[in-house]
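Peer 1: The listed protein sequences correspond, in order, to chains B and F.
Following my numbering, the numbering of the first sequence begins with 26 at its first residue and continues without gaps.
Following my numbering, the numbering of the second sequence begins with -11 at its first residue and continues without gaps.
Don't read these hints as lab results, they were simulated from the structure.
Treat the hints with care, since some could be wrong.
As the list claims (entries may be wrong) - Chain F is nowhere near these chain B residues, computed Cβ spacing over 12 angstroms in every case: (1) L100; (2) D104; (3) K133; (4) P210; (5) P322.
What the hints assert, rightly or not - No farther apart than 30 angstroms at their CA atoms in a straight line, the calculated lysine-lysine pairs in the DSSO-like style are these: (6) F:K537 - B:K430; (7) F:K549 - B:K245; (8) F:K537 - B:K120; (9) F:K40 - F:K312; (10) F:K849 - B:K261; (11) F:K403 - F:K556.
Claimed, not checked - Stretch-level coverage of chain B by chain F, calculated; a stretch enters the list once three of its residues show a Cβ under 8 angstroms from a Cβ in chain F: (12) 69 to 83; (13) 213 to 220; (14) 257 to 268; (15) 354 to 367; (16) 442 to 448.
Keep in mind it's a predicted model, so treat the numbers as computed, not measured.
Glycine included, every Cβ here is placed at the ideal spot set by N, Cα and C.
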Amino acid sequence: MKPDLESRRWLLKSSALGFGNLALSAMLSSESEASPSDSPLAAKKPHFAPRAKRIVFLFMKGGPSHVDTFDPKPLLDRDHGKPLPFALPRVTFAKQGNLLKSPWKFQKHGQSGLPVSELFPNVAKHVDDMCMLRSVHGTNPAHGGALIKLHTGTDQFVRPSMGAWVTYGLGTENENLPAFVTVCPTLAHGGMNNWGGAFLPSYCQGTPIGNASISSSQAKVKHIRNQRIDKNTQRKQLDLIQAMNRDHMEKSEHNKNLEGRLESFELAYRMQTAMPEIQEINGESKQTIRQYGIDDPMTQNFGRQCLLARRFLERGVRFVQVTHSDSEVQWDQHGHLFQGHTKNAAEVDKPIAGFLADLKARGLLDDTLVLWGGEFGRTPTAQGSDGRDHNPHGFTMWMAGGGVKGGYTYGATDDYGYYAAENKMHVHDLHATLLHLLGLDHQRLTFRYAGREFRLTDVAGEVATPILA
Amino acid sequence: MLLTIAGMEVGIPLLADDSTTHSPEDIAFFEKNIRPLLVKHCYQCHADQQAKGGLRLDSRMAVRKGGDTRPAIVIGNPAKSLLVEAVDYQNPDLQMPPKKRISNSEIQLLKDWIQMGAPDPRASETATNLPTGMSIHEGRKFWSMQPVGKPPIPEVASTGINHQWTRNPVDSFLLAEMKKRGLSPAQPADRQTWIRRVTFDLLGLPPTAEEVRRFLDDRSPSAFENVVDRLLASPQYGVRWGRHWLDVVRYADSNGLDENLAFGNAWRYRDYVIQSLNDDKPVNQWVTEQLAGDLLPNANQETRTATGFLALGAKVLAEPDREKLTMDTIDEQLDTIGKTFLGLTLGCARCHDHKFDPIKQTDYYSLAAIFKNTKTFADSNTGAIKHWYEHSFATEAEQETVKQSESVIAKLKQKATDFKNAEYSRLRQQARTKVVDYLVAASGIEISDSLTEVAAQAEKFDLHPRILHHCRLHLHYQRENPLFEKWHTSIDSPDQIRQFYDNLFARVNAAWESTRKASPKANALEDSVLELARQALFDPVGFLAVPPKVEFAFDAQNLTKYSELLEKSRITESAAPDAAAAMGVTDGIIKESLPIHIRGNHRSLGDAVQREFPEVLRISTIRPVFPEHQSGRLELARWIVDSRNPLTARVFVNRIWRWHFGNGLVPSTENFGVLGERPSHPQLLNWLARRLMQSGWSIKDLHRLILTSSAYRMSSTPLETNNLLNPANRWLTHFPMRRLEAEEIRDSVLAVSNRLNRSLGGKTVPLRNRQFVFDHTSIDHTRYQSVRRAVYLPVIRNNLYTLFEQFDFPDPTLPTGNRSETTVAPQALLMLNSDWVMNSADDLAAQIVQFGGDNRQRCQKIYQRILGRDPTPDEIKRILEFIAQRPSSESAVAKQDSGMKSRPSAWSLVCQSLFCCNENLYLK
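One chain only, chain B, in its complex shape (with noise of 0.2 angstroms):
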């Protein structure tokens, strides 16, 4: 048994009022003193100083299509309506006709003079903050497939996924927040697993705060709020529990979990307190209201989780998460891709914007990495006359802030969109990528399961150094 251990056993014992109330009263004094040191969720050192502290994913559910928003392709232009000129892939998810010009044109923006479609006016505004990743690749053909390689490394197993990995490496700096938080995800296409920790510590898992089904503004976590009962009865009712379990502590061997459970009620007190005060926007100016978009039913959804997403991190969430998602799995167009890339982008392109300006007047986006993305990209080459295909083997994402070149493009698929070509970023890679920049090293951040090292980026990944600012 270890010392300090021992010593805390003595106080106990010897203590009139037990352990209970000391942690009791060291919980209620401050936040920061009210984090004991041994909890799993505290603060961890990274592997290496960090260029980001904490990372924010923006996921367009379903695969905006690549060369129709942030990956301009001339020749697709050019020769629109003939056949791709090189081989498909051996597994298509659908049949695919011929070539497929974008229906919308492409501008430069910025200083960095970075290309995008006019689908995205607002974002545009920021390219010399993006960083295009123009050759990401690596996930399955098939929305479920994809959706949890995207998230886990893997579309065969049951693994932690990325959230999950970055809070067993860095845990949180605010113990009365979920570490890993994931606001409106989808249920469908790998569901629970695309936030799991599967055989991580269960501190580690993403808390979700309602679900694609669920307007954002009605979205909670499970029980938060006792719906019988108000605070000051609630607080009578633990005293008396506590008193209780200081008892039982004492009748019983030493035993971390009992003073674990007894701080756990502490923690999910003001857990009912601080939760619903993030989720209460009232008191946001209107000026931030209409930057998100918040006040427009076009934008709203999208905007108020946006909004979330930025009072999570500014309160020390690690890991943020925030799904565009709707019935009609949102940007998957093989059909009616004018109408719905349209009305999609239409969706987000207000909310993005305003939520990468307020995180940089907040001075938030120096260290928090923000990733936008879907599970794949879509394909050059047209599914009917108006859609297009799943393409996994080659599409854009793109991060802001956290230590990323800004106005810079990494990588690139070949002249038509449909592989990606130039430095090849698989899904290891960009999960490698993502860990170095929050400070860790993917090759070391290993969980032992079943007589096995586990990495999120399995036995891959390389990290793409030359996006590092």
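Given chain B, work out where chain F should sit, using these hints.
Peer 2: Chain F in isolation, oriented as in the chain B frame:
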């Protein structure tokens, strides 16, 4: 191993090739062009210790020998050389260097080099020795691979305290280890503690106050045995211990993974497990049924249902690559079999020899061959989603009923679709009649305008705001469409727009009307300008597109109507009967061998291997003959339960031990390999394994033995003198305290509040077989308000019941014999705020109040019910003080919070507090 295989393909002559035959010019060509190229593009992964894919390119011999697949070059034939294929980037599965194609001129240099005979002065080296696991020879000596043997029971003492303590051989083995270390067993627990411990252990429920009293009063020498016998005879025993087994076999009621479809028939396997345990089915028979129940000579519905074990895994149902799906599914099956029965991580040998254990890749594919012969998927599918195989038990009459209900469902779905289509037609028609209004209104808004602003404009013209919004963006994005040229040039003059387009569309309509009159089947107008306008007007996704999302398209009234129709069809579907069937496997096309998949890649096949058992575990050099008309699963099953198999009985008794004592004799219950832990009491493990087999593989016999030991009677308070010598209680000197598992927490709360329904069996997942648990809508229709035992609650992969998820229910895709025990705040939120806890507290409080008596007696009753003991005077005092505070009185409740549900009584809060307290949640 792999290198050998690749080497055999190469053959000797190439390896003997001698560089001296090349001219100095050729060598110079290599030095100038090829060596720098290889260093620059390839060495990072294919030199020195780095040999990705088994390939090194830093010596002549290594290049010629190649990697896992085949030689990197064919001398004199660039077109057939793997190296050229890889750098050429024409094969999507083989592209090197992976990040970027090298230049055409560099590729040409490589081709030239190969053509000229691949001159290469670099010295030959011996191949890299990749790390491999134990050899077969070493492996046979590893502790878990050795025969179980016949360990003698240690002589601890023939008289005295030690003699009294050793009630049975289990105690002798444990005490012998304690004595070696100067340790002593803890005092016996009091009877109240013991009966609570053993009742939770065997039934997952607390003893009733009456059961406690009866046991305390039973002074006969067989009092303890009587309790154990009573509990083992209870059908609730199978519920509790069946759940343990369901953890191991990753049981679930839905697929999870990529497409979450309901396993609407998995419950038959669950019920089979519970029944088998209640029947004390011999373990060897039980295992055989689960692996090959369909192949037994007397196969019946029960044994076929047992093969659900092989079918329950999570599968990538929408995987477009069939062969990958097949091999991934086999991998899941082998991994589960290995962990469940053998304590082996067989899955580790899919891509290469096991890195630690004496399991070779050939062993893996010898086993995989058996499962390649096994059919886990049906031949049917729903779109991209493949169906798993099921054994059908339905009679023709039942199938007829199912067909009828399917047609009812189809009709209801059609009704909803018809309604939706009709409403869309109407909205489109409406938009078309107002086309000019849309164009005029659109000229008054900017593309950057918010929907709110657009809606204001739409209202002025009585238009659909979202159609108008889309219309405005469409006009912008499609500004090169000649149809809209006039609109763009007249954007500041709405009147001109109106005049022009009124005229245009009037002509379109007139022309269309007359064309149709003349020829009803006409599908275009002759005039190309008018035809362009007509097309735009009728294009459902054109500038007048109605939003595809009904929430955005329909008004509130129609939306409600549509939702009602959908909901009706969904509810009807959920409740509709399924044809009786069980998930399971059957034999497929039988082949006697399977090629090794190099690096686990189904596109890269090596030598074929025959069906076999892992080499290290073979008990005879005489090899079994596998039937040519069967998969070989039955032979595999019989080999697994052969009494000479060193692992099966050991792994099984260790599981039983873990579930009784909270810790296995081998703590890593799924891994008896090199990286697993070593047994704390190897001889006890061996003795128990032998004993299990001797008893005819009876689980209940094993329970009786363990539960009537002195070890099981020990108090959870250790002797002070033991503490430093017994870290983590490895020598089991006291009984380990444990937290109740998720199911026990729930079931005990329901039981003490008299809400628990103890009925057994039947379908409980509220979904039709193969119905989506979650489709794209993400709406969770699963409900958990049932008050049956928790084993009957739906186990939904990807979205576990919150209680399960919070209280360490295992991931139902991974075999788990050793649940973890964590403490996190959301557990407390659940205990404090969830409906089922509060409702149970209400019910219990109502019963207590109704029971009458004074407050003191009520306290007594509550303590007896929940904790199985009487309260102390201090405890009564504390409760009475709490009640006296009137914590739940009117004044204490925030009045403004009118949305609150009814307030619980003070007694309800007391009951809930006892549910939450550690004494209730932790078992001593």
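Peer 1: State for each hint whether it applies.
Peer 2: Structure-based check of each hint:
no. : hint            : result
1   : L100            : 17 angstroms, holds
2   : D104            : 18 angstroms, holds
3   : K133            : 18 angstroms, holds
4   : P210            : 8 angstroms, violated
5   : P322            : 5 angstroms, violated
6   : F:K537 - B:K430 : 38 angstroms, violated
7   : F:K549 - B:K245 : 28 angstroms, holds
8   : F:K537 - B:K120 : 25 angstroms, holds
9   : F:K40 - F:K312  : 22 angstroms, holds
10  : F:K849 - B:K261 : 22 angstroms, holds
11  : F:K403 - F:K556 : 10 angstroms, holds
12  : 69 to 83        : violated (count 0)
13  : 213 to 220      : holds (count 6)
14  : 257 to 268      : holds (count 9)
15  : 354 to 367      : holds (count 7)
16  : 442 to 448      : holds (count 4)
The structure does not agree with the numbered hints 4, 5, 6 and 12 stated previously, though it agrees with the rest.
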